[in-house]
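**Student:** Each chain is listed here by its residues.
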Amino acid sequence: DAGITQSPRHKVTETGTPVTLRCHQTENHRYMYWYRQDPGHGLRLIHYSYGVKDTDKGEVSDGYSVSRSKTEDFLLTLESATSSQTSVYFCAISESGGAARNQPQHFGDGTRLSIL
Amino acid sequence: SQKIEQNSEALNIQEGKTATLTCNYTNYSPAYLQWYRQDPGRGPVFLLLIRENEKEKRKERLKVTFDTTLKQSLFHITASQPADSATYLCALDVAAGNKLTFGGGTRVLVKP
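Chains as they are written, first to last, in this note's numbering: chain A, 1 to 116; chain B, 1 to 112.
Simulated from the structure, these hints should not be mistaken for laboratory data.
There's no promise every hint is true.
[As the list claims (entries may be wrong)] Below, computed lysine to aspartate or glutamate pairings styled on EDC-like, alpha-carbon distance capped at 20 Å:
1) B/K3 - A/E59
2) B/K71 - B/D39
3) A/K11 - A/E27
4) B/K111 - B/E15
5) A/K53 - A/E14
6) B/K3 - A/D38
[Said to hold, decoys possible] Simulated restraints on C-beta separations:
7) A/E79 - B/E56: 46 to 54 Å
8) B/E54 - A/G63: 34 to 42 Å
9) A/G51 - B/G41: 43 to 51 Å
10) B/E15 - A/N102: 32 to 40 Å
[To be verified] Some chain B residues near chain A, calculated using beta-carbon distances under 10 Å:
11) N24
12) L109
13) P112
Owing to the predicted nature of the structure, the values given are computational and were not obtained by experimental measurement.
Even glycine gets a Cβ: it sits at the ideal position worked out from N, Cα and C.
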């Protein structure tokens, strides 16, 4: 299994509070991704990173920010959590992107986030 | 708008039979398509990748076809086993950066 660790695995918090989810990889892969998975919507890309300090928005980026200060860590922050952000969040990594687009993504086991 | 459709209804199948799943897409011209397996409470796991110039790809009991004219991929599990019970997701490349767009997945239940 690819070395991907997500933390925390479960979190319950209140509306309006800041939340940070962490993804840590030991594979030295260049690309990292944050997805959310909701019933009826499948996996949707929030943000991704193509290198240290290089990030870009995905399909559902509103209300989320990311940071990548080291190759191995990719943080997802909800500045002021809302109930609509209750979801399961997955981090993924891939070896390359750019011209070599056909690389599989390897996923962590997710963070279940509930915002009350 | 771009859209990927997988049968949202669960597929119930008897052990030993072949399960066939469909992935249809519109308004895409993907260079490749991937299939993933997801078990409850776990992240998706990569299974197979097929490129636009490939008609068919096999891996053990799995077979994937890719018809860019029909805009469809079929995913077959032959000689299905109860351990094959899971949700299967298809994903298409969207743009550079290895960004993928996923279908909603089809749940497969293999009964002994």
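**Student:** State for each hint whether it applies.
**Tutor:** Hint check results:
no.: 1; hint: B/K3 - A/E59; in the structure: 13 Å, holds
no.: 2; hint: B/K71 - B/D39; in the structure: 27 Å, violated
no.: 3; hint: A/K11 - A/E27; in the structure: 26 Å, violated
no.: 4; hint: B/K111 - B/E15; in the structure: 6 Å, holds
no.: 5; hint: A/K53 - A/E14; in the structure: 30 Å, violated
no.: 6; hint: B/K3 - A/D38; in the structure: 17 Å, holds
no.: 7; hint: A/E79 - B/E56: 46 to 54 Å; in the structure: 47 Å, holds
no.: 8; hint: B/E54 - A/G63: 34 to 42 Å; in the structure: 39 Å, holds
no.: 9; hint: A/G51 - B/G41: 43 to 51 Å; in the structure: 31 Å, violated
no.: 10; hint: B/E15 - A/N102: 32 to 40 Å; in the structure: 33 Å, holds
no.: 11; hint: N24; in the structure: 14 Å, violated
no.: 12; hint: L109; in the structure: 18 Å, violated
no.: 13; hint: P112; in the structure: 27 Å, violated
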